[in-house]
Amino acid sequence: MTPPAEKTILLAHGGGGKLTEELIRNYILPKFKSPALASLPDAAAMNLDSTSLAFTTDSYVVKPLFFNGGDIGKLAVCGTINDLAVAGAKPVALSLSLIIEEGLEFSVLERILDSIARAADESNVEIVTGDTKTVEAGAADQLFINTAGIGTMLDGVELGFERISAGDKILLSGTIGDHGMTVISQRKDIRFQTQLKSDCAALAGLTGELLEKTAGVKFMRDPTRGGLAATLNEISGQALLSIQINEPDIPINPTVQAGADMLGFDVLNIANEGKFVAVVAPDAAGACLDICRNHPLGKNASLIGEITEPGDVAMVEMTTKIGGKRIVRMPYGRELPRIC
Amino acid sequence: MGNRFGAKTTLLPDAGPGDIVLVHAGFAIQIIAEEEAKKTWQLIAEIDEFSDTQNRVSG
Amino acid sequence: MLERIYKAQQMMDGACKALGRQINIMEVCGTHTVSIFRNGIRTVLPKAIKLLSGPGCPVCVTDQSYIDIVLELAQRDDCIIATYGDMIRVPGGAGSLETRKSTADVRVVLSSEDALQLAKDNPDKTVVFIAVGFETTAPATAVVIKEAAERDIENFCVLSGHKLVVPAMRALLSEKNDRIDAFLCPGHVAVIIGYGAFGQIVDEFSRPCVVAGFEPMQIIEGLGEIARQLGEGRAELGSVYTAAVTEEGNTVAQRLIAECFDCADGYWRGLGEIKKSTLKVKDKFEQFDAFRRFDVTETPTEDTSGCRCGEVLCGLIEPSQCRLFAAACTPETPVGPCMVSSEGVCAAWFKYSRRKEKRK
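Protein chains in written order, with my numbering: chain X, 1 to 340; chain S, 1 to 59; chain F, 1 to 360.
Just chain X, same shape as in the assembly (with noise of 0.2 Å):
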């Protein structure tokens, strides 16, 4: 579509009045298909087969909005279903809320929505409400999006930290550090050229077969911010059991280890978007990995490692490559910039 003459967003787009009608109506409305929307009320009004829900919410303040293997967009679409999908549900619908730094350009705005249109289309869940409001230059850094996502739970599943005990595996469905790698190669102070791409894929299509075709998935999650690392630790320090994890057994991709080797970062602190870490009963292991490796998002998953008694205090312990020992602790601190 052509965009309008200003090319830009003006203040004024998130007014309320004329030019944000035009905006939404011309612009942003055309890329979704949903009937819902269809008509702009002010709340979606939905039916659902159940009355076992799941609802999260999530904001991304990505940066930059563009990386390679996707966008913010592609980020905030794939993100909320991720948040349903280890919850144990059925995707089915998410709200989209844009503020807008006034002088992004349309192109780029365009550009996004496309990506979302297109994510959420992939993964058969609508946009069915959202809201758009502008700042003035400077209170925002280009885009900042906000998502809410409801989805129906799959029958029969339970998820959660009490279902845990000593004796589980630990799958991680494949390689770590992809996302925050590749989002930090294009910070402007780091740059550095890379083959590297985002994971950013949406995974309710394998959880749902995993949960489908086995009863021994007791936990899941996605190891986003704060990587591999922080979400283990959540899980020990939730479950109040400690976890046993060997450094051979988690995939990397070389590339992403010799980058976080040259900065000196730690790989299970880097953030991952399409990834997630599940618990299983012992006897479900196998078919669980079995699930996993024949599923195009799952290729390298692997069982690293198991939940354990928790001694004094419960803690996450790896056995490095060497033999050695070491704890994994909650990463701190900001040693990656914003990320998702």
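Simulated from the structure, these hints should not be mistaken for laboratory data.
Since the structure is predicted, the reported quantities are computational estimates derived from the model, not experimental observations.
The beta-carbon is built from N, C-alpha and C at its ideal position, and this holds for glycine as well.
Don't take every hint at face value.
As the list claims (entries may be wrong) - Covered, in the sense of this in silico footprint (three residues per stretch, anywhere, with C-beta under 8 Å from a C-beta of chain X), are these stretches of chain F:
#1 42-48
#2 211-221
#3 330-343
To be verified - Label pairs and their in silico Cβ distance ranges:
#4 F:Gln321 / X:Gly138: 45 to 51 Å
#5 X:Phe66 / F:Thr333: 34 to 40 Å
#6 X:Pro296 / F:Ala149: 53 to 59 Å
#7 X:Asn26 / F:Lys101: 39 to 45 Å
#8 F:Gly306 / X:Arg163: 41 to 47 Å
#9 F:Tyr6 / S:Val23: 28 to 34 Å
#10 X:Ser107 / F:Val252: 48 to 54 Å
#11 X:Ala148 / F:Lys101: 31 to 37 Å
#12 F:Asp77 / X:Arg163: 55 to 61 Å
#13 F:Arg179 / X:Pro296: 53 to 59 Å
Got chain X; can you put chains S and F on it based on the hints?
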């Protein structure tokens, strides 16, 4: 390894394209002989093979 | 790989038996500190071998007054502070570069060349490059000092906090510190100065000095070689980092250092004053010396915060023996530089070792 970082060769005037170098803080500081580099990569590969075996056994 | 580890372990076991006591080996390199922790190397060594972490983290051994000078300069409207990442969070008397970000122009650089480029791009400000590091990083600073001189880039200067490793090693031993049986020597420093430079320590103090790289196997084999020497009653110079380290080192880099810097007496956190242990910008380049340009000097003062980084840096105590460790002093709320630097001993201990959690 798939990444490309920029580095200056001011400290290694004899370095040329194709040389394997050690880099620190944006400068190449030493040329590594190919056989030696191969030994390190071989070792890294050995460690990876070792872990693959572990994976098959535990998976 | 396993056989090589086993072989090194056997050498170490043999040495411990022969000597019949604990063996203390000190490493003096931040990158070694991190690699040892990340790979859990201590857990594969015989109990009788104790690895001490020494003053190997350049940010950690930088005195408080240097940091306060950086913070002072950061407050000036006419200055841009260009620094390697670690310095950002080091606490000074009143906050850090990070907490002062709203009032100061601070840029993180990966290379000294980036700092010089900032000067070229911002002709109306003076770029002060916070040049901290050992001999591995000093040549990079020398290169930009020369370039600034050659190209008349007047709005650039360097606050040199560069330090030399060998004088520190000597100071550690001279303090009648006979805990240290041997040194695992830093790989990249040796790339520059050559492994021969550690010969003085071997000759004067009869301690084995072996250079190793940073891969865990290098470190383990370096330790094995040291243990073998000790077990056989020898004290020699050695290197397992044959790929990158020669006896004489990188002479181009050494010449550049000599051209731009003088060796001066300087103050190290934990070690006090060490003669001829720091690099000061030479008179001929004095306009690029931030100390002279802004007329500031390091004046070491007593640290009353309770921080025991100094003792940690000499290998006299372990971080867990400091009252503040993991209590008031954590990576999020660091009291001293050893907890905030990515190569700091306290930070490494906090992140990677088993310790009793203080219940909240």
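Quick rundown of the hints versus the structure:
1. 42-48: holds (count 3)
2. 211-221: The restraint on the stretch 211-221 of chain F holds, since 3 of its residues have a Cβ under 8 Å from chain X and three suffice.
3. 330-343: Three-residue rule met by the stretch 330-343 of chain F, so holds; n is 4.
4. F:Gln321 / X:Gly138: 45 to 51 Å: Check passed, 49 Å falls within 45 to 51 Å.
5. X:Phe66 / F:Thr333: 34 to 40 Å: Hint holds: Cβ distance 36 Å, inside 34 to 40 Å.
6. X:Pro296 / F:Ala149: 53 to 59 Å: holds (58 Å)
7. X:Asn26 / F:Lys101: 39 to 45 Å: holds (41 Å)
8. F:Gly306 / X:Arg163: 41 to 47 Å: holds (45 Å)
9. F:Tyr6 / S:Val23: 28 to 34 Å: With Cβ atoms ~33 Å apart, the hint holds.
10. X:Ser107 / F:Val252: 48 to 54 Å: Given range 48 to 54 Å: holds, Cβ gap about 49 Å.
11. X:Ala148 / F:Lys101: 31 to 37 Å: Holds, since alanine 148 (chain X) and lysine 101 (chain F) (Cβ atoms, about 33 Å apart) stay within the stated range.
12. F:Asp77 / X:Arg163: 55 to 61 Å: holds (59 Å)
13. F:Arg179 / X:Pro296: 53 to 59 Å: Distance hint for arginine 179 (chain F), proline 296 (chain X) holds at roughly 57 Å.
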